[in-house]
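Novice: First to last, the protein sequences are chains S and X.
At position 142 of the first sequence (counting the first as 1) the number is 142 in the working numbering, and the numbers step up by one without a gap.
Add 152 to a position in the second sequence, counting from 1, and you land on the number used in the working numbering.
For the record, the hints were derived by calculation from the structure and aren't laboratory data.
Note that the structure is predicted; figures quoted are calculated from it, not measured.
Keep in mind that a hint or two might mislead.
[To be verified] Here's a subset of chain S near chain X, in silico, CB distances under 8 angstroms, partners left out:
1. Thr14
2. Ala18
3. Arg33
4. Met41
5. Asn53
6. Gly56
7. Thr57
8. Leu68
9. Pro71
[As the list claims (entries may be wrong)] Derived DEER-like restraints, expressed as beta-carbon distance ranges:
10. S:Leu86 to X:Gly673: 32 to 42 angstroms
11. X:Glu748 to S:Arg33: 23 to 33 angstroms
12. S:Glu74 to X:Arg624: 27 to 37 angstroms
13. X:Gly673 to S:Met27: 41 to 51 angstroms
Yeah, the Cβ is synthetic: ideal placement off N, Cα and C, and Gly gets one too.
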Amino acid sequence: MSEQGQNNDLELLTFRVADQEYSLDIMSVREIRGWTRTTPMPHAPDYMRGVINLRGTVLPVMDLARRLHLPSQETNDRNVIIVVNLNGTLTGLLVDAVSDIVAITEDDLQLPPDMSTDPQMSVVRSLTVIDDRMIRVLDLRAVVPAASDEVA
Amino acid sequence: MSDQNDPMAEIRASFFIECEELLEALQDGLQEMEEAEDGSEDPETINVVFRAVHSIKGGAGAFGLEALVRFAHRYETVLDEVRNGVLHPDSDAMKLFFLAADHLSDLVRACRDETPLPEETSEELLTRLDALLGDEGGAEEVAPEDFQPMGLSLGLDLPDLDAPTANHFTIRFKPEQELFATGNEPLMLLRNLCDLGTSSVRCNLADLPALEDLAPETPYIEWLIELETEAAEPEIRDVFEFVDGLCEIEITGAAPEQGPTEIAPLPEELSKALPEEAEPEAALPETLEPQVAPPPTTAGKSEERESAKDTGEARKGGAAAAKSVVRVDLERIERLVNLVGELVINQAMLSQSLDEAGLSPHSDAMNGLEEFQRLTRDIQDSVMMIRAQPVKSLFQRMSRIVREASAAVDKDVRLITEGEGTEVDKTVIERLSDPLTHMIRNAVDHGLEGAADREKAGKPRAGTVKLTAAHRSGRVIIEVADDGAGINRKRVQEIAVSKGLIPPEIQLSDSEIDNLLFLPGFSTAKTVSNLSGRGVGMDVVKTAIQSLGGRITINSEPNKGTTFSISLPLTLAVLDGMVVNVAGETLVLPLNVVVETLSLGPDDVQMLRPGHYVVRVRGGFVPLYDLGVMLGYRQQRKTEAGAIVLLIVLEDSTRAALVIDGIQDQRQVVIKGLDDSFYRAPGIAAATILGDGQIALILDPADVIAGMGHMRGADLMLSERMIANE
Chain S
1 MSEQGQNNDL ELLTFRVADQ EYSLDIMSVR EIRGWTRTTP MPHAPDYMRG
51 VINLRGTVLP VMDLARRLHL PSQETNDRNV IIVVNLNGTL TGLLVDAVSD
101 IVAITEDDLQ LPPDMSTDPQ MSVVRSLTVI DDRMIRVLDL RAVVPAASDE
151 VA
Chain X
153 MSDQNDPMAE IRASFFIECE ELLEALQDGL QEMEEAEDGS EDPETINVVF
203 RAVHSIKGGA GAFGLEALVR FAHRYETVLD EVRNGVLHPD SDAMKLFFLA
253 ADHLSDLVRA CRDETPLPEE TSEELLTRLD ALLGDEGGAE EVAPEDFQPM
303 GLSLGLDLPD LDAPTANHFT IRFKPEQELF ATGNEPLMLL RNLCDLGTSS
353 VRCNLADLPA LEDLAPETPY IEWLIELETE AAEPEIRDVF EFVDGLCEIE
403 ITGAAPEQGP TEIAPLPEEL SKALPEEAEP EAALPETLEP QVAPPPTTAG
453 KSEERESAKD TGEARKGGAA AAKSVVRVDL ERIERLVNLV GELVINQAML
503 SQSLDEAGLS PHSDAMNGLE EFQRLTRDIQ DSVMMIRAQP VKSLFQRMSR
553 IVREASAAVD KDVRLITEGE GTEVDKTVIE RLSDPLTHMI RNAVDHGLEG
603 AADREKAGKP RAGTVKLTAA HRSGRVIIEV ADDGAGINRK RVQEIAVSKG
653 LIPPEIQLSD SEIDNLLFLP GFSTAKTVSN LSGRGVGMDV VKTAIQSLGG
703 RITINSEPNK GTTFSISLPL TLAVLDGMVV NVAGETLVLP LNVVVETLSL
753 GPDDVQMLRP GHYVVRVRGG FVPLYDLGVM LGYRQQRKTE AGAIVLLIVL
803 EDSTRAALVI DGIQDQRQVV IKGLDDSFYR APGIAAATIL GDGQIALILD
853 PADVIAGMGH MRGADLMLSE RMIANE
């Protein structure tokens, strides 16, 4: 992702989760899907919504609100699943709604203030301001847990 | 292999694939030689063995793999002596040959993976191989001068031996089409022959048809060579070694006959057309350019020119019934398998929507659908067959394990394999390797007694381990049987008690005791040998087999031996499943565990203790589990009365009753692997996609029950028994 900084241009997909605005580097987004019913996995962590059928493969879907320790909302038809690709593994992120695609430069990004006690901050890579609104840029590697730090 | 764009890397990769095949042929050959001991072996067998090593050497030379060349060369030298009948390998020598073959395959792999080469083993084996040469050679043959007449006497009816230093041979050499197809060059052979002594070569064109009838790829020419040489016949045969089977060769040591009677003059048209061959009686092969030879059409790739003829030849020799085979990238097959999976799902969706449309079952659409379903199934079976591979490679690896294991515990062990041609899904073969290795080691280490004990029991000193594979009713059965002392049940029970796995006073049947071996934390080895008993027990084997959808059972008879049987599904891609509803979710259970479905009456369920229920099934009590609760889908209900229950029996004959809400269907489902990179759900083996596009989870019943943290395996069995005794 930081490789992206070479040409100083960055496109972010912004979306809303529990009335907050977040964004992801658009290069890591594979596709956006409407909400479909998930098949829950037994005894999964609460942020695991379950799995869905993504054209014949089984896609795990994560409730981003719960993952970020935000109040989870009732799902409705306007919810979407953002399919992201992290090191070749696809994961679905359930969000309230997708807002926009914005182009910014690396210079527009600010490091978040160091508040390491806040569990949510570790997943926020940087902050930016668009139209006077603060947008959090998520660090996908921290959002999607690796097998090692999530012992089932 | 690391660099895919490098053409050299590609060639290298295919060299290593060839090597695998050659190593396989080598193993086969050695096996045959061992079986046909006391010198009665087929000379062709040793040829195959020799050529396999030789071809590996050739290819390795082309890639500059010097360590490999060096080892192969000296190995080959010894094998050559065997081939020439100078060296008669005894069983120790055969063992050494096997070791050398194992080491050769280690070297090949080390070269392929560019890992450090096990040089010390090389040296040690080479020293031993050389020792073999020295001893045997000294005993039977002293000087090469003595060797020659010996070679001749093997060689055949030579009436005429009046010139001891100059033998006279007449050689008839007629190449066949394959000789050219495999890229061999008669000129080279003739030159090599001429190097042996004074020779005159004649070309017989009698069979050459008129030009208009000439088939360009069919060789018509034969050569007659008169050779005055000090060499013996085997040396002459050596010249033709790599074209053996690709040409007609007659070597006669008698005084030259009057020459073939029908050396016809060259048809006139042809002599015009092919001026190079205009002289049928050409004195020396320098002028012989075999223009009639077709280009080497089959040698499509420019790879390994040096080794092409060797390897092609060796393969031909090795696999007599060679089928034509296509080497396909595994990824392409995976893709095909996935597509067929999609097709099956799609067909299920289609059939569901046709059902919902309320079409008459006799309508054209429904009939067509039926046909479609049949075709889909056929395609699916065919695709699965592509992935199937014979278990031979696996069994060969096991023969090596037996050799190493028996050497480590100093027991004489023979491995008998049967059903090597049995085909199983490639993934199954790969994942079977570890458990099977463990079982073989166990059989050698624990199963078989020492030689002294065996003699006391009136058995041959050498123990036998038998490895068999067979297809039986849609599954693959693999058995590991030893002819050892059988399971010492008394000791097994003592150990289980001492390890606190079972209560001391419990009475167990023989098969229940045998099954204790599969309990985690059980190991019977008195001492931890460096072979088995590394803390990895049979429970790991069992888990591995179960993860392949298989079952493992033991059968042991005192003093006769122990047999472990593994039963595996033919494929990992489809499953016969029972589709059920639980708490609003759809789940799939493997059909083979379900033995019965029941509907619970009000008095059928008894409470064992709070939260633990049993159900009475024909006089016996079976623990009852609510699937919805176990999977965390719902809270325990007050009463299970009226619920539907599946009675299941697991591999270890554990019985359990699972409460479900309803049964939908029994059908084949396509298994979709769950990406458990960040979450592995207990009790869930995989997933499948239903006709409506929804995902249903496939349960692993054994894991579900284990996941309850209540009871498992023997514990469950015992609790059942305790209940029954109450």
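Novice: A separate judgement is required for each hint: does it hold in the structure or not?
Specialist: For each hint, the structure was consulted:
1. Thr14: Since the shortest Cβ distance to chain X is 25 angstroms, the answer is violated.
2. Ala18: 22 angstroms, violated
3. Arg33: Violated. Min distance 13 angstroms.
4. Met41: 4 angstroms, holds
5. Asn53: 5 angstroms, holds
6. Gly56: The hint holds - S:Gly56 has a Cβ within 8 angstroms of chain X, the shortest such distance being about 5 angstroms.
7. Thr57: Check passed: Cβ of S:Thr57 comes within 7 angstroms of chain X, closer than 8 angstroms.
8. Leu68: Since the shortest Cβ distance to chain X is 16 angstroms, the answer is violated.
9. Pro71: Violated, because the Cβ-Cβ distance from S:Pro71 to chain X comes to roughly 22 angstroms (cut-off 8 angstroms).
10. S:Leu86 to X:Gly673: 32 to 42 angstroms: The hinted range 32 to 42 angstroms holds for S:Leu86 and X:Gly673, with Cβ atoms some 38 angstroms apart.
11. X:Glu748 to S:Arg33: 23 to 33 angstroms: The hinted range 23 to 33 angstroms is violated for X:Glu748 and S:Arg33, with Cβ atoms some 42 angstroms apart.
12. S:Glu74 to X:Arg624: 27 to 37 angstroms: 53 angstroms, violated
13. X:Gly673 to S:Met27: 41 to 51 angstroms: 49 angstroms, holds
Comparing the model with each numbered hint stated earlier shows that hints 1, 2, 3, 8, 9, 11 and 12 do not hold.
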